[in-house]
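Asks: Residues per chain are reported as follows:
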Amino acid sequence: MIRWFKLVVFMACLAPLARLGWKAYEQRLGANPIEVITHSTGDWTLIFLLVTLSITPLRKLTGQLWLIRFRRMFGLFAFFYVVLHFLTYIWLDKFFDFHAMLADIARRRFITVGFTGFVLLIPLAFTSTSGWIRRLGGRRWQAIHRLIYFSATAGVIHYWWLVKADIRKPREYAVVLGALLAYRIAVWAKPKLTAGAPFPPFRKERERVGQPAPEG
Amino acid sequence: MLFRRPSDIPSSEITPKNQYLNRRKFLAGAALAGAAAAVGTELGELISPSLIAQANAKIDGVQKSSFSTSEKTTPYNDVTNYNNYYEFSTDKYEPAGLAKNFKTRPWTVTIDGLVSKKQTLDVDAIIKMAPPEERIYRHRCVEGWSIVVPWVGFSLSELIRRAQPLGKAKFVEFTTLYAPAEMPGQHDRILDWPYVEGLRMGEAMHPLALLCFGMYGEVLPNQDGAPLRVVVPWKYGFKSAKAIVRIRFTDSQPVNTWNKMAPNEYGFYSNVNPHVDHPRWSQATERRLGEFLKRPTLMFNGYDQVASLYTGMDLKKNF
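Protein sequences, first through last, are from chains C and B.
Just so it is clear: in the first sequence, position 34 is 34 by our numbering, and no numbers are missing.
Just so it is clear: in the second sequence, position 13 is 13 by our numbering, and no numbers are missing.
Isolated chain C, as found in the complex (with noise of 0.2 Å):
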């Protein structure tokens, strides 16, 4: 049953690029092609980036378990979707001028940053095997795949620092993300409150009444 679902899912997260080949083939990209490619594919990255952050929290808080077994795919999914951005950029859009691309990645913020999401992502992409799983053992391979954090932010600042004004788009993706990362820092947060309180929680916030708000 789950083989079949994961099915279905793969062939529904091959569906924008399906779109977009179809598109093309049809001549209905526009009249900068290019330009539809590297959104499409930038906007399908930072999406199955949030969608691969949003695994844990959603099976936490619902418990439904079984949803861990679709993280890797959204994630590998994700690594996809920014080859396919960063051959855009290479070869659609520099035509391979490495010159070119050198002076962007080290003079353009926006460039710096995205290359940088993107080479953090490589090394996720390369372990995400069951056998590294083993090799490095669960707690060392989950460090390394919290890499996902910084690439994952790396990715919304190269889209809000690339926008000449509008900047909803980059910034929906920045609350997303921030609401994701924010789980993460109450889950390592709240252990830790707990533990190193003299007093229960409760006894703290009460005291914590009596004062005065801090500013800002």
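Hints should not be assumed to be uniformly reliable.
[As the list claims (entries may be wrong)] Once the Cα atoms are required to be at most 16 Å apart in a straight line, the calculated EDC-like pairs of lysine to aspartate or glutamate come out as:
hint	chain 1	residue 1	chain 2	residue 2
1	B	Lys128	B	Glu158
2	B	Lys260	B	Asp192
3	B	Lys316	B	Asp277
4	C	Lys169	B	Glu71
5	B	Lys103	B	Asp122
6	B	Lys168	B	Asp112
7	C	Lys94	C	Asp104
8	C	Lys164	B	Asp277
9	C	Lys169	C	Glu26
10	B	Lys317	B	Asp277
11	B	Lys168	B	Asp251
12	B	Lys72	B	Glu291
13	B	Lys103	B	Glu182
14	B	Lys58	B	Glu133
15	B	Lys58	B	Glu218
16	C	Lys94	B	Glu133
17	B	Lys170	B	Asp91
18	B	Lys103	B	Asp124
19	B	Lys64	B	Asp112
20	B	Lys58	B	Glu134
21	C	Lys164	B	Glu134
22	B	Lys128	B	Asp60
23	B	Lys64	B	Glu134
24	C	Lys164	B	Asp124
25	C	Lys164	B	Glu265
26	C	Lys164	B	Asp91
27	C	Lys94	B	Asp112
28	B	Lys58	B	Asp122
29	C	Lys169	B	Glu182
30	B	Lys170	B	Glu265
31	B	Lys260	C	Asp166
32	C	Lys164	B	Glu143
33	B	Lys64	B	Glu182
[To be verified] Computed footprint of chain B on chain C, listed as stretches where at least three residues anywhere in the stretch have a Cβ under 8 Å from a Cβ of chain B:
hint	segment
34	65-75
35	97-104
36	154-168
The set of hints was computed from the structure by calculation and includes no laboratory data.
Ideal placement from N, C-alpha and C gives every residue a C-beta, glycine not left out.
Starting from the known structure of chain C, fit chain B onto it as the hints suggest.
Replies: Chain B only, in chain C's frame:
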């Protein structure tokens, strides 16, 4: 095959544009005549001639211009469906649909500031000031793409001379219509509406600077800046203000909208210059729509005749 691509359609099946336009005109005319007969009024009273002049109407008596480039013009479809027109949307593919019902008549333009006679003119009076010319210009967007457009209009200087600016007028400022009900993009304060652009007097008087009301031999489509815009081909596209309602002469440099929004990225001059990069991207090359490989961007977008306007100026500082 289920869908036929344009290349599969034999050219004999494609109706020449003037023929189907005539057909449309005939139908519209017939409908109007019918309506007029029904209400019992004169056709001329029912609908003003300027209203008929809208919607893909051909502009008569367009003269060729020696300023035109011989480069291949960008397909009409691309120029009318790929528009940076934030008053409607920040998505370049949306203004075509969102501007469909934009009302360009009646339309007046206020001419004020340092002029001998402040006045408000009907746009059709302005259009008739001088014979229309076709100017095929390169048009370079600050984002790094370019098109070649056969604009229709006449030199902006024709209007300025008639407006009789005072001797102390040093700049011309253009203001775009502010009407959020008709221009849905203005509901969001992406930019500080209304859109304002400006030129130094010498730039505005240069014969290349065009006061434009048409393209491809027809009345300007709404999404391309109807009913009246300027086209300044040696500057980045955003300098060419659209849907102009006010032309003001001043002695101080106007604050143009993009300059206000990001002063370190968009200057007042904004001349096309391959040697001065945008802080976030290179301006050395551009993609001509329809071409695969990028081409080098030319100084002043290839309009070297304007160089004398800037002698002695540091164009890196005055970007």
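Asks: Decide, hint by hint, whether the structure agrees.
Replies: To see whether the hints hold, each was checked on the structure:
1. B:Lys128 with B:Glu158: holds, 11 Å
2. B:Lys260 with B:Asp192: Answer holds: Lys260 (chain B) to Asp192 (chain B) is near 8 Å, not above 16 Å.
3. B:Lys316 with B:Asp277: holds, 9 Å
4. C:Lys169 with B:Glu71: violated, 37 Å
5. B:Lys103 with B:Asp122: Holds, at about 14 Å.
6. B:Lys168 with B:Asp112: holds, 14 Å
7. C:Lys94 with C:Asp104: Distance ~10 Å between Lys94 (chain C) and Asp104 (chain C) Cα, so the pair holds.
8. C:Lys164 with B:Asp277: Holds: Lys164 (chain C) and Asp277 (chain B) sit about 15 Å apart, inside 16 Å.
9. C:Lys169 with C:Glu26: Roughly 28 Å between the alpha carbons, so the hint for Lys169 (chain C) and Glu26 (chain C) is violated.
10. B:Lys317 with B:Asp277: Satisfied, since the Cα-Cα distance of roughly 12 Å is no more than 16 Å.
11. B:Lys168 with B:Asp251: holds, 6 Å
12. B:Lys72 with B:Glu291: This hinted pair holds, its Cα atoms lying about 11 Å apart.
13. B:Lys103 with B:Glu182: It holds: about 8 Å lies between the C-alpha atoms, which stays within 16 Å.
14. B:Lys58 with B:Glu133: holds, 13 Å
15. B:Lys58 with B:Glu218: holds, 4 Å
16. C:Lys94 with B:Glu133: Given that 16 Å is the threshold and the Cα spacing comes to 38 Å, the pair is violated.
17. B:Lys170 with B:Asp91: Outside the cut-off at roughly 35 Å; violated.
18. B:Lys103 with B:Asp124: Holds, because 14 Å separates the two Cα atoms, which is no more than 16 Å.
19. B:Lys64 with B:Asp112: Measuring from Cα to Cα gives roughly 32 Å; hence the hint is violated.
20. B:Lys58 with B:Glu134: holds, 12 Å
21. C:Lys164 with B:Glu134: Given that 16 Å is the threshold and the Cα spacing comes to 32 Å, the pair is violated.
22. B:Lys128 with B:Asp60: holds, 12 Å
23. B:Lys64 with B:Glu134: holds, 5 Å
24. C:Lys164 with B:Asp124: Between Lys164 (chain C) and Asp124 (chain B) the Cα gap is close to 35 Å, so the pair fails against 16 Å, i.e. violated.
25. C:Lys164 with B:Glu265: holds, 10 Å
26. C:Lys164 with B:Asp91: Holds, at about 12 Å.
27. C:Lys94 with B:Asp112: Between Lys94 (chain C) and Asp112 (chain B) the Cα gap is close to 47 Å, so the pair fails against 16 Å, i.e. violated.
28. B:Lys58 with B:Asp122: violated, 20 Å
29. C:Lys169 with B:Glu182: Status violated; Cα separation ~23 Å.
30. B:Lys170 with B:Glu265: violated, 24 Å
31. B:Lys260 with C:Asp166: holds, 15 Å
32. C:Lys164 with B:Glu143: It holds: about 9 Å lies between the C-alpha atoms, which stays within 16 Å.
33. B:Lys64 with B:Glu182: Roughly 35 Å separates the two Cα atoms, so the pair is violated.
34. 65-75: violated (count 0)
35. 97-104: holds (count 3)
36. 154-168: holds (count 6)
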